[in-house]
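One letter stands for each residue in the lines below.
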Amino acid sequence: MQYQADVTIELKAGMLDPEGTTIKRALEHLGYETDSVRTAKKYTITLEAESIHDARENVEEMCQKLIANPIIHNYAISLRETE
Amino acid sequence: MSIAIVQFGGSNCDLDVLHVLKDVVGVDAELVWYKEENLDRFDGIVIPGGFSYGDYLRAGAIAARTPIMNSVKKQAEAGKPVIGICNGFQVLTESGLLDGALTTNNYPKFRCESTFLRVETTDTPFTSAFRKGDILSIPIAHMEGNFYADEPTLARMEDNSQVAFRYVDKNGKVTDEVNPNGSQENIAGIVSTQKNVLGMMPHPERASEDVLGSSDGLKIFKSMAEYISGR
Numbered sequence: 049m050q051y052q053a054d055v056t057i058e059l060k061a062g063m064l065d066p067e068g069t070t071i072k073r074a075l076e077h078l079g080y081e082t083d084s085v086r087t088a089k090k091y092t093i094t095l096e097a098e099s100i101h102d103a104r105e106n107v108e109e110m111c112q113k114l115i116a117n118p119i120i121h122n123y124a125i126s127l128r129e130t131e
Numbered sequence: 010m011s012i013a014i015v016q017f018g019g020s021n022c023d024l025d026v027l028h029v030l031k032d033v034v035g036v037d038a039e040l041v042w043y044k045e046e047n048l049d050r051f052d053g054i055v056i057p058g059g060f061s062y063g064d065y066l067r068a069g070a071i072a073a074r075t076p077i078m079n080s081v082k083k084q085a086e087a088g089k090p091v092i093g094i095c096n097g098f099q100v101l102t103e104s105g106l107l108d109g110a111l112t113t114n115n116y117p118k119f120r121c122e123s124t125f126l127r128v129e130t131t132d133t134p135f136t137s138a139f140r141k142g143d144i145l146s147i148p149i150a151h152m153e154g155n156f157y158a159d160e161p162t163l164a165r166m167e168d169n170s171q172v173a174f175r176y177v178d179k180n181g182k183v184t185d186e187v188n189p190n191g192s193q194e195n196i197a198g199i200v201s202t203q204k205n206v207l208g209m210m211p212h213p214e215r216a217s218e219d220v221l222g223s224s225d226g227l228k229i230f231k232s233m234a235e236y237i238s239g240r
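The listed protein sequences correspond, in order, to chains F and E. Here the working numbering is used: position 49 in the first sequence is 97, and no number is missing along the way. Here the working numbering is used: position 133 in the second sequence is 142, and no number is missing along the way.
To be clear, the hints were calculated from the coordinates, so they are not data collected in a lab. Since the model is a prediction, treat every value here as computed from it, not as a measurement. A couple of the hints might just be wrong.
Claimed, not checked - Here are the simulated BS3-like pairs of lysine-lysine, each with C-alpha atoms no more than 30 angstroms apart in a straight line:
no., chain 1, residue 1, chain 2, residue 2
1, F, K89, F, K72
2, F, K113, F, K89
3, F, K60, E, K118
4, E, K231, F, K90
5, E, K31, F, K113
6, E, K44, E, K83
7, E, K83, E, K118
8, E, K31, E, K83
9, E, K118, F, K89
10, F, K113, E, K231
11, F, K113, E, K141
12, E, K141, E, K231
13, F, K72, E, K118
14, E, K204, E, K44
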């Protein structure tokens, strides 16, 4: 089966997000008030797996080994079957 | 004695380090491509600065997972001195050879300027030629040099004298104004628990000859060479 995983990586709460802060400031210049702006990165990965469980395990491992840095990041995986 | 200088796609300070080691310090050094899996013949390793793999994903993340890093780990475990400069520091934290992580500068700007560093410990293969508290002038050039580690890790590093350099003013005082990237406790360089792996954001190879405005970085490479000779 083919699956699509949307992996979202974000800085842990409490960590400074200079990119988010800069965007917040730019929004203020445009007249928008926000409480905060935080950035995240999304990676879309398609993969073959026997089951959704296997696909999740696989992507989980990818996150731990490369895609996220557990010292500074949290990640979330959203999976769906594509065929 | 021979020192390996690791080259990844995107390394760009490799030739500067080669020049300093061969022509200024006067030791044998060799460029080694990232596909190399055996570094047994070398006595020390330098991971130079640059933008390995375009800093895609995160600075240093992809380089940290290349074949050569397994052999760098093996050599580090054998006690050989390993120094990572700038992107090399990022590679060493990403590969788990050093604690913590390097994130975007608190003011998100590429900073390329001269900084003052204070030598925090002389009990490493890279700082033995200094005196504790020496002030060095060594430039930085980075966008992601903001050192982060959680509180227990920082406390352990402090207890074990693992902070090698801090950003200070010209009188040696630690202030927020002279912290170029928001690093915790003005940390500019750290060593591993065994002290034989150093990561630093400033570029000592750019301060190794008087003609460059400072030769304060030279002693780092000289200390490393002396350590190897004495091993």
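Here is what the structure says about each hint:
{"no.": "1", "hint": "F:K89 / F:K72", "in the structure": "17 angstroms, holds"}
{"no.": "2", "hint": "F:K113 / F:K89", "in the structure": "17 angstroms, holds"}
{"no.": "3", "hint": "F:K60 / E:K118", "in the structure": "21 angstroms, holds"}
{"no.": "4", "hint": "E:K231 / F:K90", "in the structure": "45 angstroms, violated"}
{"no.": "5", "hint": "E:K31 / F:K113", "in the structure": "37 angstroms, violated"}
{"no.": "6", "hint": "E:K44 / E:K83", "in the structure": "15 angstroms, holds"}
{"no.": "7", "hint": "E:K83 / E:K118", "in the structure": "35 angstroms, violated"}
{"no.": "8", "hint": "E:K31 / E:K83", "in the structure": "25 angstroms, holds"}
{"no.": "9", "hint": "E:K118 / F:K89", "in the structure": "19 angstroms, holds"}
{"no.": "10", "hint": "F:K113 / E:K231", "in the structure": "36 angstroms, violated"}
{"no.": "11", "hint": "F:K113 / E:K141", "in the structure": "38 angstroms, violated"}
{"no.": "12", "hint": "E:K141 / E:K231", "in the structure": "17 angstroms, holds"}
{"no.": "13", "hint": "F:K72 / E:K118", "in the structure": "16 angstroms, holds"}
{"no.": "14", "hint": "E:K204 / E:K44", "in the structure": "26 angstroms, holds"}
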